[in-house]
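Modelling step: build the complete structure from the supplied sequences, incorporating the hints.
These protein sequence lines are chains A and B, in that order. For the first sequence, the working numbering gives the first residue as 1, with consecutive numbering after it. For the second sequence, the working numbering gives the first residue as 1, with consecutive numbering after it.
Bear in mind the hints are in silico, worked out from the structure with no lab data behind them. If you're wondering where the values come from, they're calculated on a predicted model, not measured in any experiment. You may find that some hints are simply not true.
Note that the list lumps identical chains together, so a pair holds whenever it fits in one copy or between two copies.
Subject to a maximum C-alpha distance of 25 Å in a straight line, what follows is the list of computed DMTMM-like cross-link-like pairs (lysine to aspartate or glutamate) [as the list claims (entries may be wrong)]:
1. Lys-38 to Asp-154
2. Lys-15 to Glu-70
3. Lys-38 to Asp-156
4. Lys-57 to Asp-126
5. Lys-15 to Asp-154
6. Lys-55 to Glu-195
7. Lys-121 to Glu-28
8. Lys-57 to Asp-41
9. Lys-33 to Glu-118
10. Lys-179 to Glu-70
Number of protein chains: 2
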Amino acid sequence: MGISERKEREKQEMKDLIFQAAMDLFIEDGYEKASIRKIADRIEYSPATIYLYFKDKDEIFHAVHEKGFELLFARMETLAVIENPFQRLQKLGEIYLKFAYDHPELYDLMFIMRAPMEALKQENEDWNCGFKAHNGLREIVRACIGQGDMKTMDVDVAALSIWSFAHGLASLAIRNRLKMYPPDQLDTLIPDSIENMLRLFRKE
Amino acid sequence: MGISERKEREKQEMKDLIFQAAMDLFIEDGYEKASIRKIADRIEYSPATIYLYFKDKDEIFHAVHEKGFELLFARMETLAVIENPFQRLQKLGEIYLKFAYDHPELYDLMFIMRAPMEALKQENEDWNCGFKAHNGLREIVRACIGQGDMKTMDVDVAALSIWSFAHGLASLAIRNRLKMYPPDQLDTLIPDSIENMLRLFRKE
DNA sequence: CAAAGTTAATAAACGCTGTTTAGTATACAA
DNA sequence: TTGTATACTAAACAGCGTTTATTAACTTTG
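Given below as C-alpha cells:
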C-alpha cells in the first residue's frame, strides 16, 4: 500500500511549501512582516492550515533559523582546506562577519531574536546548530593554541571571547548601535578591529 | 497668570505618570507585556490618552531607554576617583556587565531592541546617550594608551573592540545563546574571559 | 454672568496580529 | 455504498498600536 507513503510525501511537501514561503517573506521583509497570514496568503491557503504543519510561529522561525545555520555551515566548508590553524581562525572570522553582512535578517534570527530559542524550550531540545558552530570555533582555537600560534590560554575562554567580539560587532551593526561612527569610517574601522584582535591573540 | 504654568506642570506630571507606568511594566514583564493598553490600565486612563503625551510606543520606550542610560551613568560616576586608567577601564567593564546582569530588560532596550532607535530616526535626533557612553570608554582607552598601560593601537579600534566584546558577552547571555555552557561554568568562564581580554590589551 | 473658545479625555472603530474551534468537503477503507 | 479518517477553512477570540469623532470640563471673552 503506497497510499500512506504518498500522503507522508505530500505532508512533507506542504511543510516545505510553508517553510519556503516563510523563508522568502522573512528574507525580503524581516520578521515583523512575515506574519502567519501573509505566509498563508502567499501559498494560497488559509492561516489555519499552517497550524496543521507547524505548532506555532516560533516553530516556523526555528526552521528558518536552522536553514540559516545550513547556509553558514556551507560557507564554512572552505575552511577544511586551510592547513594553518590561525589562518583558519582568521578565515572563520571573515566568513562569520561576511555572513552577518550578507544576511542580516538571518543572522538576527540565528543569534539575536528570541523566537527560535522559545521553540527549543517548548520541545525540550538542545540548540544543536549553535553547539555545532561553537564547537567548530573551539576546535580551531584548540589547534591554534596546540600549535603555538595563539597565546597560551584556556580554550573555552578564547573561544567565548572571540565569538563575543565577533557577535558584538555584528549585532551592534545590525541593531543600529554604531551611529557614533560614520559609515565610511566603519568600513575601515571594522576590518582594523578584527585584524587588531587577531594580533592580540596571536603568539609573538 | 499662573494658569498656563500650572497646565504646563500638570502636563509634565501626566507625562511622568505614563512614563513611570511604562518603566515599571517594562522592568517587571519586559517589552512584550508592556503594551499601551496595559500602561493605560495601570494609570486608569484610556489608551487614547497616552497619545496626547507621547507620539507613539517607540517614543515611550525611547524615554525608558534614556532612563536606563541615566542609571548606567550613575554607576559610572564611581570611576572618577580611580587614578590608574587601566584600573578605570577594568572597573568600567565590571560596571557595564554588572548593569547588564542586574537589568537585562533595560540593557536589552538600550543596546539590542530596535524601538528606541526608531524613535530617534523619526525625530531626526542623534543617539546622544550612546555617544556619551562610548565617548567615556574612548577617553579611558586614550588615557590607557597615552600612559603606556595599553598596547599601542588606534584608540577607536581599541574602544570599538572592547565594547563589541563586552556587548557580545552581555547580549549572547541575555538572548539565551550561551546554552553550550552550563550556568555554573559560565560563572567562572565569563570573569575569566574578561580578565583574559584585559590581559591581552595590557602592555607587558 | 453667559457665551464662545480651548483643552483633556475617551468610546469606538480600523486594521493588524497569533491562535483555536467548529464545521465542511474530500478521499480512503470496509 | 456506507462509514470513517483526513485536509482544509470560515469565523471567531483575544490581543495589539493607532486614529477619529464626540463629550465634558475648564478658560477666556464680551
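Is it within, between, both or neither when you check Lys-57 against Asp-126 at 25 Å Cα-Cα?
within (19 Å within a copy, 35 Å between copies)
At 25 Å max between alpha carbons, let me know whether Lys-121 reaches Glu-28 within a copy, between copies, both or neither.
between (27 Å within a copy, 21 Å between copies)
Is it within a copy, between copies, both, or neither that the alpha carbon of Lys-179 lies no farther than 25 Å from that of Glu-70?
Only across copies: Lys-179 and Glu-70 sit 19 Å apart there, 31 Å inside one copy, limit 25 Å.
Go through the copies and call it for Lys-55 and Glu-195: within, between, both or neither, with a Cα cutoff of 25 Å.
This pair counts as neither: shortest intra-copy Cα distance 44 Å, inter-copy 44 Å.
With 25 Å as the alpha-carbon cut-off, assign the pair Lys-15 and Glu-70 to within, between, both or neither.
within (18 Å within a copy, 48 Å between copies)
At most 25 Å between C-alpha atoms: does Lys-38 with Asp-156 qualify within a copy, between copies, both, or neither?
neither (43 Å within a copy, 44 Å between copies)
At most 25 Å between CA atoms: does that hold for Lys-38 and Asp-154 within a copy, between copies, both, or neither?
neither (48 Å within a copy, 48 Å between copies)
Indicate which option fits the pair Lys-57, Asp-41 if close means a Cα-Cα distance not exceeding 25 Å: within, between, both or neither.
Answer is within; shortest intra-copy Cα gap is 15 Å, inter-copy 28 Å.
Could you place Lys-33 and Glu-118 in one of the four classes (within, between, both, neither) given a Cα distance threshold of 25 Å?
Intra 19 Å, inter 16 Å, cutoff 25 Å: intra and inter.
With identical chains, the pair Lys-15 and Asp-154 could be close in the same copy or across copies; at 25 Å between alpha carbons, which is it: within, between, both, or neither?
Neither. Shortest intra-copy (44 Å) and inter-copy (51 Å) distances fail the 25 Å Cα cut-off.
The structure fails to meet hints 1, 3, 5, 6 from the earlier list, while all remaining hints are met.
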